[in-house]
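Asker: Chain order of the listed sequences is Y and H.
For the first sequence, position 236 (counting from the first letter as 1) is numbered 236 according to our numbering, and the numbering increases by one without interruption.
For the second sequence, position 165 (counting from the first letter as 1) is numbered 165 according to our numbering, and the numbering increases by one without interruption.
No lab work stands behind these hints, which were simulated from the structure alone.
Be a bit skeptical, because a hint or two may be false.
Simulated pairs of lysine to aspartate or glutamate, EDC-like, Cα-Cα distance not exceeding 20 Å [claimed, not checked]:
{"#": "1", "chain 1": "H", "residue 1": "K149", "chain 2": "H", "residue 2": "D180"}
{"#": "2", "chain 1": "H", "residue 1": "K371", "chain 2": "Y", "residue 2": "D130"}
{"#": "3", "chain 1": "H", "residue 1": "K371", "chain 2": "Y", "residue 2": "D288"}
{"#": "4", "chain 1": "Y", "residue 1": "K267", "chain 2": "Y", "residue 2": "D288"}
{"#": "5", "chain 1": "H", "residue 1": "K215", "chain 2": "H", "residue 2": "D187"}
{"#": "6", "chain 1": "H", "residue 1": "K149", "chain 2": "H", "residue 2": "E160"}
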Amino acid sequence: MALREPAWRVFAAELTASLHEERGTGERAASYLLSPYGARMNRVLVAGILSSPEAIGRDPSQPFWRARLVDPTGTVAVTAGVFQPRAMAQLQSVPGPRSAVVVGKVHLYRGSDGTGYVSVRAEAIRSVDDPALREFLADALEQSFDRLALVERIRGTGPDSDAALRSDGVPGGWIRAARDALARYPSIDRDAYRASLSAALEVVQGRRSIVPPAPAGPSSVRVTPAEPPAASARAPPSAEERAAESEFLDALDELVEASSDGYADLKEIVQLLAEHGLSSEHAEDILDRLQEAGVVEEPIVGKLRRP
Amino acid sequence: MSDPTADPGSEGPPEVRLKDLRAGDAPVHIVARVVSVERREYTRPADGRRRPFLAGLLSDGTASVRFTWWEPPNEPIERGTILRATGVQVREYQGRPEITINFRSRVAPAGPAELPPVDADDMPLRTIRELTARDEGFRLEARIARVGKKAVMVGTDQREVHEGLLIDGTGVVAFSSWSDFGLSSGDAVRISGAYVRIFRGRPQLVLDSNSLVAKIEGVGLPPAPDLAASAPRRIADLEASQGSELGCVEGIVVGLLPPSGLVYRCPTCRRPVQGGLCTTHGAVTGVADLRSRLVLDDGTGSVTVNAGRAETEALWGVGLDEALERLRRSPDPSLLESSLADEVLGLRLRVRGRVYPDDFGLNVYPDAIEKVAVDLDARAAELARRFAGAGGSHGSA
Chain Y
1 MALREPAWRV FAAELTASLH EERGTGERAA SYLLSPYGAR MNRVLVAGIL SSPEAIGRDP
61 SQPFWRARLV DPTGTVAVTA GVFQPRAMAQ LQSVPGPRSA VVVGKVHLYR GSDGTGYVSV
121 RAEAIRSVDD PALREFLADA LEQSFDRLAL VERIRGTGPD SDAALRSDGV PGGWIRAARD
181 ALARYPSIDR DAYRASLSAA LEVVQGRRSI VPPAPAGPSS VRVTPAEPPA ASARAPPSAE
241 ERAAESEFLD ALDELVEASS DGYADLKEIV QLLAEHGLSS EHAEDILDRL QEAGVVEEPI
301 VGKLRRP
Chain H
1 MSDPTADPGS EGPPEVRLKD LRAGDAPVHI VARVVSVERR EYTRPADGRR RPFLAGLLSD
61 GTASVRFTWW EPPNEPIERG TILRATGVQV REYQGRPEIT INFRSRVAPA GPAELPPVDA
121 DDMPLRTIRE LTARDEGFRL EARIARVGKK AVMVGTDQRE VHEGLLIDGT GVVAFSSWSD
181 FGLSSGDAVR ISGAYVRIFR GRPQLVLDSN SLVAKIEGVG LPPAPDLAAS APRRIADLEA
241 SQGSELGCVE GIVVGLLPPS GLVYRCPTCR RPVQGGLCTT HGAVTGVADL RSRLVLDDGT
301 GSVTVNAGRA ETEALWGVGL DEALERLRRS PDPSLLESSL ADEVLGLRLR VRGRVYPDDF
361 GLNVYPDAIE KVAVDLDARA AELARRFAGA GGSHGSA
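Whenever a hint applies, use it, and build me the whole structure from the sequences.
Answerer: The structure is reproduced here in structure tokens:
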């Protein structure tokens with residue numbers, strides 16, 4: 001059976017603490033975001049206050065919308081594009097902040113400074129009332145407790161104990177996720193995360209409400225200045241650098257040409273350039289320069305085009 | 001040449017019961033009932049000529065074996081026919097005996113009285129957990145957890161089939177019976193002469209006129225379960241056990257798969273009509289119906305719930321007549337599907353029914369779908385106890 005990926009019940013803080021990705025290989029293989037707290041996420045279910053959506057990207061034929069979801073632990077970006085038409089319509093349907101549950105695929109973008117930005121590409125969105133929101137937060141709390149307890153339970157044990165766990169009814173996918181969490185995040189403070197869930201517990205208990213979204217938060221999108229800045233103070237690039245830039249732009253144009261959405265995927269550009277001997281750091285430097293000069297823009301995380 | 005009119009019973013070696021068949025050179029003599037049969041053709045690579053043959057399953061109540069019948073008679077051999085065959089070859093395939101009927105064999109029709117008498121006391125006692133595909137020649141003691149009858153079309157005949165569930169201390173198995181044994185829910189029974197087939201990826205016990213059913217005391221058998229009271233299981237559990245006859249799951253609707261909403265079905269067989277064509281009955285005028293294929297997810301896994309018209313109407317709040325009226329007003333069926341999706345996505349449901357695996361995961365054929373009302377205060381209290389009680393993260397999973 002090729003099983004559909006389950007929607008992990010998680011909080012925003014678990015998503016934003018997740019830095020490791022497991023890339024699938026082969027055709028149609030799934031990728032997973034590995035959390036420190038025992039989740040191996042391809043799909044998630046999150047609930048909280050969803051902010052007004054904003055359109056990103058300038059091409060009206062390729063709409064792409066983004067909103068912020070605030071839960072008792074933090075904030076995560078929720079996006080929807082042309083490939084999620086129903087979710088996009090749902091995202092746009094309500095202007096103001098509202099309580100909502102969102103199911104979608106996790107997406108990790110690693111910025112040029114190495115910072116990871118996690119977003120959720122929505123597949124389904126539903127506005128909910130306050131009791132229903134608290135029910136979803138209760139689900140996330142219960143499964144977070146379960147997963148954290150499992151991580152502690154298997155700490156120091158080998159795979160030979162997995163059969164016993166399975167016969168206790170622990171899902172196989174959870175065992176694997178817990179082992180990954182221990183291996184990838186050996187020194188993270190899970191007790192501190194668990195303690196921080198008191199905020200979520202209080203919301204479930206009805207003793208407080210979710211703090212409304214702060215106006216500015218860490219954004220998963222780099223905003224391109226509307227006007228190109230004045231001439232750079234930097235020394236003009238060498239001929240070698242110019243050659244590298246033109247190679248970058250060639251790769252970009254080639255990928256835009258081949259794409260269905262008019263964007264070039266940054267990862268694919270880096271890959272193409274790597275074949276010409278350019279390191280990924282070098283490629284990121286070139287991108288920064290080209291963006292500064294207004295030659296290239298990145299209206300969607302990881303998606304490039306010429307303005 | 002096989003000759004159905006010859007009487008092979010008066011000569012040759014004695015009959016062999018199917019459970020005693022061993023692969024070997026010497027041809028054997030059998031009497032058996034045709035359990036299933038299919039006419040096929042084989043194209044000889046040498047000259048491209050096509051040779052017809054029959055393939056299927058024979059049973060004499062002690063075992064069932066696959067058979068291949070080369071150069072069969074032109075008249076159809078039907079399921080249920082009892083045959084006496086001599087000069088039959090036995091070979092072994094994947095550890096099980098198989099029979100070949102060829103030009104050296106002689107085949108004649110036989111009556112039920114000629115089948116070897118099956119002494120139920122001779123048969124080994126099995127438990128439900130031990131049943132595997134094509135098992136035959138066993139006794140089973142179990143309790144009827146549920147039974148009902150439905151009318152099915154076999155060819156042009158309408159026949160009645162009795163379907164239900166059997167339980168013992170080791171598990172649950174679905175059964176279907178072509179004969180009416182007067183079974184009712186709660187009865188404890190001893191069944192012999194039934195066989196096991198695989199239906200939708202799960203074992204199913206089939207009873208026919210050759211089977212014996214006796215009511216017994218049933219000491220030691222579990223009582224008939226309250227089918228509406230079983231607790232939900234994690235979907236990951238059901239994935240590990242490849243489904244269940246008595247499944248109960250609880251989760252959130254995270255997706256709606258096509259075809260959902262307004263669908264059209266063949267008036268004869270109820271299969272979905274595509275492009276005005278039924279895969280079995282050709283060009284037909286489809287009959288409108290409602291259905292939904294809900295993806296239900298509990299955080300450990302997901303199932304596809306195949307909800308019929310009544311369940312879809314209850315979840316959607318839109319009946320078939322209103323759906324058709326909406327379609328007349330704005331003739332775009334996808335609007336109906338969107339409306340259904342908006343209504344069901346995010347719902348918290350408890351679903352009971354049969355859970356069967358296929359290539360894409362588990363499918364639920366529901367007996368009941370209900371919206372779950374959560375006691376938030378109780379859940380909050382339980383979570384607070386867990387939060388405070390464990391202190392660190394050293395609870396049990």
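Asker: Take the hints in turn and mark each one as holding or not.
Answerer: These are the hints, each one checked on the structure:
Our distance criterion of 20 Å between C-alpha atoms is met by H/K149 and H/D180, whose separation comes to about 9 Å. Pair hint H/K371 plus Y/D130 holds up; C-alpha atoms about 17 Å apart against a cutoff of 20 Å. A threshold of 20 Å between alpha carbons decides the hint, and for H/K371 with Y/D288 the separation of about 52 Å lies outside it, so the pair is violated. With a CA separation close to 15 Å, the supplied pair Y/K267 and Y/D288 stays within the 20 Å bound.
Pair hint H/K215 plus H/D187 holds up; C-alpha atoms about 7 Å apart against a cutoff of 20 Å. Only pairs whose Cα atoms come within 20 Å are accepted, and H/K149 paired with H/E160 is accepted, the gap being roughly 7 Å.
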